[in-house]
Every structure is written in C-alpha cells, then in structure tokens.
Amino acid sequence: MIAWAVIHGFLGTLFAMGLAIAIWQAQFPAHRSLRPLQVNAILLTVLVTVKDFLGDIVYVTYRKDIPSSARSLILAGSRPWVHEIVMEYKEHMAHFLPAILLVAVAVVFVYDIRAPENRTARRVAVSLFAVSLVLALAALFMGALLTSTAPVK
Amino acid sequence: MGTEKGRSTVIAALIGASVTILAIGALNFAGEASEGFKDFMTFWNGMGSLSGKVTLAYALGLLVFFALFRIKSVGRQSLVAWTVVLYSSIAVSSLLLYTPFVHWLV
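Which chain is which? The protein sequence lines are A and B, in order.
If you use our numbering, the first sequence corresponds to residues 1 to 153, in order.
If you use our numbering, the second sequence corresponds to residues 1001 to 1106, in order.
No lab work stands behind these hints, which were simulated from the structure alone.
Using N, Cα and C, we set each Cβ at its ideal position, and we do this for glycine too.
Please note: incorrect hints may appear among the correct ones.
To be verified - Mimicking EDC-like on lysine to aspartate or glutamate, the simulated pairs with C-alpha atoms at most 16 Å apart in a straight line are:
#, chain 1, residue 1, chain 2, residue 2
1, A, K153, A, D56
2, B, K1005, A, D112
3, B, K1072, B, E1004
4, A, K90, A, D56
5, B, K1038, A, E88
6, A, K153, A, D65
Unchecked claim - With the Cβ distance kept under 10 Å, some of the chain B side facing chain A (calculated, not the full set):
#, residue
7, R1007
8, S1051
9, L1096
Just need the whole structure built from these sequences, with the hints factored in.
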C-alpha cells in the first residue's frame, strides 16, 4: 500500500507542475497553436481522475477499523485534528478537481483564447487552472501533514 | 466567440461542476447531521460514506450537464457570472466540509 501512496503523491506533484504549465500556456497564447494547451488540459483531467482513484484506494487502507491503521493512530495521538479537520477536508475536496478541470477543457476547446474578443474566456481558463493549482497544493500540503503524523502502511 | 452550441457546453459544464461541488458539501453536511443518512450514503464499506457522496454528486452534476448542454439559450448566459457561481460553490462547499463549522451548526 505504501507504493500506491507514493504514486498518489507523485501524481499529485506532477499534476501541480502540469497546472503551472497550463496557466502559462493559457495566459500567453498569442501566436501559438492552442493544441499543446488542449492536450495538456485533457492530460491533466485524466491525471487528476487517476490520482483521485488511487487516493481512494489508499483511503480504504487509511480508514481500516483496526488499531494499527493510520486513522486509528492519528485519532489516538496528540493531534487528532489532523484526521478530524485535515483529512475530512482533503478526502472530499480532492473530488472537486476533475469537475473544475472538465470545465477548463470545455473552455479551451470552445473558445479561441488567442483572439482579443475572447479575452474573458482566456481569463476564465487561467483562473480555472489557478484555482485548481491552489487546491492541488493545499492537498499536497495536507497529504504531507497526514503522512508525517501517521503514514499509511 | 465560440459557436452557440459550444458556449452552451461551457455554461452547462460550469453549472454541472457547481452542482457537483455543492452536492459534495451538502451531502457531507447531511451525513454529519444524520447518522442514518451517513449509513445510507455508504455504497461501499471500504470507503464509507465518501463513496456515496462522491458518486451521487457526480451523477447529479452529469445529469444537469446533459440536461442543459443542448439548450441554445444556455449559451447566452454570462460566462463570468457562472464562473463566479462555480467559485462561490467551492467556497460554500469548503465551509460545509470544515468540521468545526459543521459541528457548530449541528
């Protein structure tokens, strides 16, 4: 299970890096093909869906009703809020991201964001990637906090 | 500007995503308020009530998307306004997932 948790974290890091590239591609699209941004947006949507699916697999082990599970150890330790607040938020919030990314895919395929008349659509696309990046970085930080408190074994 | 059908797809996607995200928060809140509802949301014991909340929220969002994306008048809605609705949904849902706030209310 450690391997799945490591892959989940690695995909999370990759996802954040991909989002940073998408922000740059959407912010400065002039005189370039939109194809790389469109491909990146689709790849990011697939990546975050796989990452969430792996996270759900890890979550099953995390929440096992046995004394040695990560959740039991955290709740019995000195920082139960790490589960009660951080994990409770992380496990739900991670599932916001595929929905947000699907909207971003629709925007970059429907609008030619290089055109001056589509400036609003470009700003919406950038903001969608930026909000996703903020949520992804928050999830990475929360994952690090959880792992440092009690790693999933 | 995108085509009318394309614009409808984007607005429908924004509304569908807002519904999905709000539903995740609302279902979590309902689960915290009622133990029976939490049990009802447990589609798979391994994942607990999270399995039901996420499945139902995405089913609702997809239903809304497919109901709206072919309607031409949806494409005439404001892109900015529905983007603001999406971000407001994220904020409200985040509040409904914040355990101290939920426990303060129920």
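Taking the hints in turn, this is what the structure says about them:
1. For the hint pairing A:K153 with A:D56, the CA-to-CA distance comes to about 15 Å; that is within 16 Å, so the pair holds.
2. Distance check on the hinted pair: B:K1005 and A:D112 sit about 15 Å apart at the alpha-carbon level, within 16 Å; holds.
3. A hinted pair counts as satisfied when its Cα atoms are at most 16 Å apart, and B:K1072 with B:E1004 qualifies at roughly 7 Å.
4. Of the pairs offered as hints, the one joining A:K90 and A:D56 holds, with about 11 Å between alpha carbons and a cut-off of 16 Å not exceeded.
5. A distance of roughly 14 Å separates the Cα atoms of B:K1038 and A:E88; the hinted pair therefore holds under the 16 Å criterion.
6. Straight-line distance between C-alpha atoms of A:K153 and A:D65 comes to about 14 Å, which keeps the hinted pair within the 16 Å bound.
7. Interface restraint check for B:R1007: the shortest CB-CB distance to chain A comes to about 7 Å, inside 10 Å, so the restraint holds.
8. With its C-beta approaching chain A no nearer than about 8 Å, B:S1051 sits inside the 10 Å limit, and its interface hint holds.
9. A hinted interface residue such as B:L1096 counts as satisfied when its beta carbon comes closer than 10 Å to some beta carbon of chain A; here the least separation is about 9 Å, so the hint holds.
The structure agrees with every numbered hint stated previously.
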